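The listed protein sequences derive, respectively, from chains A and B. Reminder that position 112 of the first sequence reads as 112 in our numbering, one-by-one numbering, no gaps. Reminder that position 228 of the second sequence reads as 228 in our numbering, one-by-one numbering, no gaps.
The hints are simulated quantities; they were obtained by calculation from the structure and are not laboratory data. As the structure is a prediction and not an experimental result, all values here were calculated from the model. No residue lacks a Cβ here, since even glycine has one placed at the ideal position from N, Cα and C. A hint or two may mislead.
Claimed, not checked - Calculated pairs, DSS-like style, for lysine-lysine (alpha carbon to alpha carbon, straight line, at most 30 angstroms):
(1) B/Lys257 x A/Lys87
(2) B/Lys257 x B/Lys177
(3) A/Lys75 x A/Lys31
(4) A/Lys87 x B/Lys72
(5) A/Lys38 x B/Lys388
(6) A/Lys31 x B/Lys72
(7) B/Lys72 x A/Lys38
What the hints assert, rightly or not - Below, a sample of chain B positions facing chain A; criterion: calculated Cβ distance under 7 angstroms:
(8) His19
(9) Glu223
(10) Arg227
As the list claims (entries may be wrong) - Ranges of calculated distance between the beta carbons of each label pair, as one might list FRET restraints:
(11) A/Thr122 x B/Leu316: 17 to 27 angstroms
(12) A/Pro100 x B/Arg413: 46 to 56 angstroms
(13) B/Arg169 x A/Lys10: 50 to 60 angstroms
(14) B/Asp271 x A/Gly47: 51 to 61 angstroms
(15) A/Thr122 x B/Thr133: 21 to 31 angstroms
(16) B/Lys177 x A/Lys10: 52 to 62 angstroms
(17) B/Pro129 x A/Gln37: 23 to 33 angstroms
What follows is the residue order along each chain.
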Amino acid sequence: MRFMMLMIPKGYGQAGPDFLPDSQSIQTMMKYNESLQKAGVLLALDGLHPPSTGARVTFAGGKPTVTDGPFTEAKEVIGGYWVIQAKSREEAIQWALRCPAKETDTIEIRQVFELSEFPDETQAAVNKLRA
Amino acid sequence: MPAAAFQTDIRQTIEAVWHIESARIIGVLAHIVRDGAVAEELAQDALVAALEQWPASGIPRNPGAWLLAAAKHRAIDALRRNQRIREKHQELGRDLEARQAMAAADLESAMDDDIGDDLLRLVFTACHPALPTEGRVALTLRLLGGLTTAEIARAFLVPEATISQRILRAKKTIAEKRIPFEVPPAAELAERLSSVLDVVYLIFNEGYTARAGGDWMRPELCEDALRLGRILAELAPAEPEVHGLVALLEIQASRIKARVSPSGDPILLFDQNRVLWDRLLIHRGLAALDRAETLRPARGRYTLEAAIAACHARALTPADTDWPRIVELYSELARLMPSPIVGLNRSVAVGMAYGPAAALELVDALREEPLLREYHLLHSVRGDLLRKLSRETEARAEFRRAASLTENERERRLMLERAAGS
Numbered sequence: 001m002r003f004m005m006l007m008i009p010k011g012y013g014q015a016g017p018d019f020l021p022d023s024q025s026i027q028t029m030m031k032y033n034e035s036l037q038k039a040g041v042l043l044a045l046d047g048l049h050p051p052s053t054g055a056r057v058t059f060a061g062g063k064p065t066v067t068d069g070p071f072t073e074a075k076e077v078i079g080g081y082w083v084i085q086a087k088s089r090e091e092a093i094q095w096a097l098r099c100p101a102k103e104t105d106t107i108e109i110r111q112v113f114e115l116s117e118f119p120d121e122t123q124a125a126v127n128k129l130r131a
Numbered sequence: 001m002p003a004a005a006f007q008t009d010i011r012q013t014i015e016a017v018w019h020i021e022s023a024r025i026i027g028v029l030a031h032i033v034r035d036g037a038v039a040e041e042l043a044q045d046a047l048v049a050a051l052e053q054w055p056a057s058g059i060p061r062n063p064g065a066w067l068l069a070a071a072k073h074r075a076i077d078a079l080r081r082n083q084r085i086r087e088k089h090q091e092l093g094r095d096l097e098a099r100q101a102m103a104a105a106d107l108e109s110a111m112d113d114d115i116g117d118d119l120l121r122l123v124f125t126a127c128h129p130a131l132p133t134e135g136r137v138a139l140t141l142r143l144l145g146g147l148t149t150a151e152i153a154r155a156f157l158v159p160e161a162t163i164s165q166r167i168l169r170a171k172k173t174i175a176e177k178r179i180p181f182e183v184p185p186a187a188e189l190a191e192r193l194s195s196v197l198d199v200v201y202l203i204f205n206e207g208y209t210a211r212a213g214g215d216w217m218r219p220e221l222c223e224d225a226l227r228l229g230r231i232l233a234e235l236a237p238a239e240p241e242v243h244g245l246v247a248l249l250e251i252q253a254s255r256i257k258a259r260v261s262p263s264g265d266p267i268l269l270f271d272q273n274r275v276l277w278d279r280l281l282i283h284r285g286l287a288a289l290d291r292a293e294t295l296r297p298a299r300g301r302y303t304l305e306a307a308i309a310a311c312h313a314r315a316l317t318p319a320d321t322d323w324p325r326i327v328e329l330y331s332e333l334a335r336l337m338p339s340p341i342v343g344l345n346r347s348v349a350v351g352m353a354y355g356p357a358a359a360l361e362l363v364d365a366l367r368e369e370p371l372l373r374e375y376h377l378l379h380s381v382r383g384d385l386l387r388k389l390s391r392e393t394e395a396r397a398e399f400r401r402a403a404s405l406t407e408n409e410r411e412r413r414l415m416l417e418r419a420a421g422s
């Protein structure tokens, strides 16, 4: 099973476009990332530029609209993510508990969909089996 | 929350903690008692203690530390009480008192520095050639994989008691043969490492391919094997074949979603919808392969197999496959491990690169090989080549022969379909 751990740092929505994580934070997190790597469970990870440099596309009224960041209405924004392999939701939670997160951080854990979770017809459509 | 649901959560959480912490705990204990089998038992005792106490007291704030402390106490007791361990220490000329003192004080720092070495010692013990294969598999999953007996039993579709027996017998053999808790000497290292990699590959294949019956895949076992492989790559980063094995596993695993239809029928490589190939795993596999080839240009067996798998992984469609390269790689593999099966796989690649006639010559030469005569894939390959050469009657006969030789129900059906169809 795969899980995504979404890092939601408080206040990241207000971070300026030149924001760069400080070297101490990076080092602390590197040790954690290495522990995931050493345990053979790390599949992917990335840090994301702050929303002030990003954009949002909304689809109200069937009309796609682009809005440039920052997004003042957004209470929580994603700062980065890990994708890990775990045998259970509990295991993913345990990994998140070990993260040297700041007091104001939140990590949200979400299971990644597997094709096998979908009904056969959906799977077959996705599979596009030869006739 | 109803009591029953809470119990399940606790159990699953304890299992989760165990997956994460147990290898390290066993490694630290093995460092103290210099015996992998004893260390495993002590760790098990700590797990039992957790299962007994945590439902009532709740999960400790630092469950890893709790387990380690519980295990350490038992280790120090064992040092005092266990005759065999005392003898071992005398053999090593070590002062038992000093050992106990060290056990209590220096462990925290020893942990980070030496734990890698201790984990390696554990792995080499678990995969010792003196142990039967099934014992090596169970012990490796237990020691390095942090799986409980129940989990291993579920994975291999056997009763829990069977796995307990296998682990017990393995530990007895370790004790009886006085298998030392060590990394093998340099002269033996390559061969011993090879047998470790073989165990991991065996576990992967147990999940990836079914030999008999109606079952096809158990992806969870593939994940377990992948995790073991990745752990080994961190423990022995200078060993190219470890990265080669990881590369092979990542790339093969990338195809899991595409290999089986919803009804459970196998889909051959060239019929798979490559959109379903997991790009993340392919990326990881290619990176691991690169690491292996950079460390040693003269490729070992697993690195070669990974390089072949990589050729397929890089091809967006079957027509994009670099068949001449695959032929070269199989030739290299054949030089390394001359085997009729490698020869058969090479001939398939020759057929794709240089036409069915050239391949049929090679396959016909292989037909006399005792290993291949009753091998269903030889006949299936021959059938395929004959069909391409428009020798339809002979092709159908070969597919029917292949169907009669395979024990796997789904493969049999596939062969019969090919015999009937085109």
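Okay, the hints, checked on the actual structure:
Between the alpha carbons of B/Lys257 and A/Lys87 the distance comes to roughly 18 angstroms, so the proposed pair stays at or under 30 angstroms and holds. With a C-alpha separation of about 44 angstroms, the suggested pairing of B/Lys257 with B/Lys177 is violated against the 30 angstroms cut-off. Of the pairs offered as hints, the one joining A/Lys75 and A/Lys31 holds, with about 29 angstroms between alpha carbons and a cut-off of 30 angstroms not exceeded. For the proposed pair A/Lys87 and B/Lys72, the alpha carbon gap of about 27 angstroms is at most 30 angstroms, so the pair holds.
Under the criterion of a C-alpha separation no larger than 30 angstroms, the hint pairing A/Lys38 with B/Lys388 is inconsistent with the structure, at around 48 angstroms. A distance of roughly 25 angstroms separates the Cα atoms of A/Lys31 and B/Lys72; the hinted pair therefore holds under the 30 angstroms criterion. Under the criterion of a C-alpha separation no larger than 30 angstroms, the hint pairing B/Lys72 with A/Lys38 is consistent with the structure, at around 23 angstroms. Taking 7 angstroms as the C-beta contact cut-off toward chain A, the hint placing B/His19 at the interface holds, the least distance being around 6 angstroms.
The interface hint given for B/Glu223 holds, since its Cβ lies 6 angstroms from the closest Cβ of chain A, which is under the 7 angstroms cut-off. Checking B/Arg227 against chain A: minimum C-beta separation of about 4 angstroms stays under 7 angstroms; hint holds. Range check, A/Thr122 to B/Leu316: about 24 angstroms between beta-carbon atoms, so the 17 to 27 angstroms window is met. For A/Pro100 and B/Arg413, the Cβ-Cβ distance of about 53 angstroms falls inside the hinted range of 46 to 56 angstroms, so the restraint holds.
The given range of 50 to 60 angstroms is respected by B/Arg169 and A/Lys10, whose C-beta atoms sit roughly 55 angstroms from each other. The supplied range of 51 to 61 angstroms is broken by B/Asp271 and A/Gly47, whose beta-carbon atoms lie about 40 angstroms from each other. Restraint check, A/Thr122 to B/Thr133: a C-beta distance of roughly 40 angstroms breaks the suggested window 21 to 31 angstroms. A hinted range of 52 to 62 angstroms for the beta carbons of B/Lys177 and A/Lys10 is consistent with their spacing of about 58 angstroms.
At roughly 30 angstroms, the beta carbons of B/Pro129 and A/Gln37 sit within the given window of 23 to 33 angstroms.
Checked against the numbered hints above, the structure violates hints 2, 5, 14, 15; every other hint is satisfied.
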